[in-house]
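Novice: Sequence:
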Amino acid sequence: MTDDEPPRVEVYPGREAVVEFDPNLTFECVEECTWCCQHGVLLYDEDFLELAERADLSEATTRFRGEDFVTRETKDRETHVADDGAACYFLREDGLCELHAEHDWKPTRCSVFPLEVALEGGEIRVSTREKAWDHCEGMNASERRVVDHLDAFLPEYLWELDNPDTKRGL
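For the sequence shown, the working numbering assigns the number 203 to the last residue and increments by one with no breaks.
These are calculated hints, taken from the structure and not from any lab test. Just so it is clear, the structure is predicted and the values come from calculations on it, not from any experiment. Treat the hints loosely; a few may be bogus.
Here are the simulated lysine to aspartate or glutamate pairs, DMTMM-like style, with alpha carbons at most 20 Å apart [as the list claims (entries may be wrong)]: (1) K200 / D137; (2) K139 / D198; (3) K200 / D167; (4) K164 / D89.
Given only the sequences and the hints, what does the whole structure look like? Please build it.
Specialist: Structure (structure tokens):
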């Protein structure tokens, strides 16, 4: 590796990620933020099957461009919603995720936030979502260095996917 190449970090035994963000970046979800919950959530196949065990897929999901997403729905409130008044189907009134709070589970795409994943040249490359810097209060808000906890952000399942790219959206 030269000084110009981003570092490779072993996330799981034999599974590396190329880290394209400042290794000193810290992140911790901040109570009341919910910015990430205002978007449609991409569901990889394994996520779709896991979600089927916890929710009615006909209500909670939608198909867009051949891929499954958690539905965004209009919420009858002014907080925890996007400018259009909508948020993730599972975002409760109290600003907590029903899936995480009640089932101790969340889709891969939610685990990845605020990172982006792309597959380039057969390698998983990880960067930060550009808009997270503008909207997410958890960026550099703690002592928890992301690079030291990549396994919490990057489920091992990502290495099994043909296309783990997280830029795909609803």
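Novice: Look at each hint and say if it fits the structure.
Specialist: Taking the hints in turn, this is what the structure says about them:
no., hint, verdict
1, K200 / D137, "25 Å, violated"
2, K139 / D198, "18 Å, holds"
3, K200 / D167, "17 Å, holds"
4, K164 / D89, "31 Å, violated"
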